[in-house]
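A.B. asks: Mind docking chain L on chain X? Use the hints.
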Amino acid sequence: MNIFKNNVNAFLLVFVSILLSVFLGSIIENFKSLIFLAFGAKILALLLWGVSVIPGIFLAKVMQYLFFANFKPDLEMVFSLAAIATFSPVLLMTMMKISNAGNMFKLENINFRHIIFFIVISAMLSALLKHMYMLSDILFAHTAAVVMLEALFGQLFGGLLFVYVASKYAQPIDQIIRKLKFV
Amino acid sequence: MSKYFLASLNSFFIIFFAYFVFLSIISWQESIELVATGGLNIDIGSYLYLPLGAYAFCWIIYGKQGILGQILISIFMSIYWELDSNIFFQFTLINVFGPIIAVSIFRVLEVYQFKNFKSETLLSFIFLSFVLALINSLSKFFVYFITGNSTQNAFNFLVTYFPGDLIGSFIFIVFVNFVMKIFHLGNYKN
Chain X
1 MNIFKNNVNA
11 FLLVFVSILL
21 SVFLGSIIEN
31 FKSLIFLAFG
41 AKILALLLWG
51 VSVIPGIFLA
61 KVMQYLFFAN
71 FKPDLEMVFS
81 LAAIATFSPV
91 LLMTMMKISN
101 AGNMFKLENI
111 NFRHIIFFIV
121 ISAMLSALLK
131 HMYMLSDILF
141 AHTAAVVMLE
151 ALFGQLFGGL
161 LFVYVASKYA
171 QPIDQIIRKL
181 KFV
Chain L
1 MSKYFLASLN
11 SFFIIFFAYF
21 VFLSIISWQE
31 SIELVATGGL
41 NIDIGSYLYL
51 PLGAYAFCWI
61 IYGKQGILGQ
71 ILISIFMSIY
81 WELDSNIFFQ
91 FTLINVFGPI
101 IAVSIFRVLE
111 VYQFKNFKSE
121 TLLSFIFLSF
131 VLALINSLSK
141 FFVYFITGNS
151 TQNAFNFLVT
161 YFPGDLIGSF
171 IFIVFVNFVM
181 KIFHLGNYKN
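Top to bottom, those sequences are chains X and L. For the first sequence, our numbering begins at 1 and goes up steadily by one. For the second sequence, our numbering begins at 1 and goes up steadily by one.
Bound-form chain L, shown alone:
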């Protein structure tokens, strides 16, 4: 029980950190007028969506023990962004289960096992980020437009979500890999 609590708590704060950095970058971009003011636009997305990498990292490290923390932070952020009721649960679920599906595809199909996170190569992280971005952007695209929330051109949606997910998740995964290496952090003992 305490293992589940600890893993969930860790997952919650790791993903919270990713969201915090992500939102700080958006505020900074606004402050120097790199992007239009008005906060994050869910229609367009961001070119550096760090939390996707955080969700994937938490699933790889903590597995099912940290899933409660992931669900909680996902619900928390959906409330924070005031998502419409018709996409609220879908987006919350995609945030959590998209990375799980992506990592499971790699594991089940014996492409990469991601058992020892520190020893994985940069190329495997690129590939993981690529699949994460594909699943996240496609599933959010389907949910967002099939439920009829569209106010923007669909092309703008895809062309920002896909590269944003790819770059963001890759940067976050490489960053935590680097942190694990320099602080000699081991894998979480299940």
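Excised from the complex, chain X in its bound form:
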């Protein structure tokens, strides 16, 4: 029951931040591409509730690619991109834990600098994997590199901004759990 609640929380956190990014993107030009808040929400959800909220994040990402993508993806592409977006931070969390670079699975005694490292590297990894998948069946167009660059910086700035703001209002970071009770 607790896992289900956490999944709903994670879904709402990511999905609301997607809506916020889309809404702000419609008001401010290039906002969505430069500051993509959903990336930070996804990272925060993983830090707060652990890997058990993967289904909730995955569902929110599927919704994002189904309804708010700038292109018209088919269903296979939607699920693939959502899976890459969901699992690339988990892959990095696992790598960091194995190589003693910081345990992102436990919030106790977490170093905030390690969280910044986690955001920076997972933004790069996510951008690389997503675009490797998307570019696999098309000949290169100049705009794709620009889109990829924007996506990378959007995730980077969005991730850092979201997690910084969230942690600013609740230190240590595990107190956010109490503040972000959606259900």
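Calculated directly from the structure, the hints in this document are not laboratory data. Computed from a predicted model, the values in this text were never measured in an experiment. The reader is advised that the hints may include incorrect statements.
Stated by the list, open to error - Here are the computed lysine-lysine pairs in the DSSO-like style, where the Cα-Cα straight-line distance is at most 30 Å:
hint, chain 1, residue 1, chain 2, residue 2
1, L, Lys3, X, Lys97
2, X, Lys97, L, Lys118
3, X, Lys106, X, Lys5
4, X, Lys5, X, Lys130
5, X, Lys130, X, Lys72
6, X, Lys97, L, Lys115
7, L, Lys118, L, Lys64
8, X, Lys106, X, Lys130
9, X, Lys106, L, Lys115
10, X, Lys130, X, Lys97
C.D. replies: What follows is chain L alone, placed relative to chain X:
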């Protein structure tokens, strides 16, 4: 002054050695027809890009004292590969400053300090190689395709550059770590 000269000279020759081995492997692969003839193709890259590890190693060991040697060898190799003028300086700078950024990320964010190179674990080298490969392949991808040099599929570019950088840098770093251990070489005294 002499410290800077010595560190730069050492950096130059270490990276030159990495390039030499890298180019020798490509020639050997061609000689036994493992890869198509025609030398190194900048569009596709290589699956064993050793010099990336050499740049990172020189920055870790010599710091800013060896940077001149790194810049010189990078310019030298860009001339050797006859890079187009619109990517010449970008690629030269990425070769030198990509590893600096990668190592600095680790140091500033207190993940690994890389102060004593010999005592670092294999896992930390894997992680360093991973971040080196990410930064190098992504930045070269952006420069290469945004400046409009594309003749190949972008997927081919990324799918060879990223693993090539990862494997190459890891092998070189592990190799020099091994050499430092067996010859009891200490850290460079700044």
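A.B. asks: For this structure, which hints from the list above don't hold up?
C.D. replies: 1
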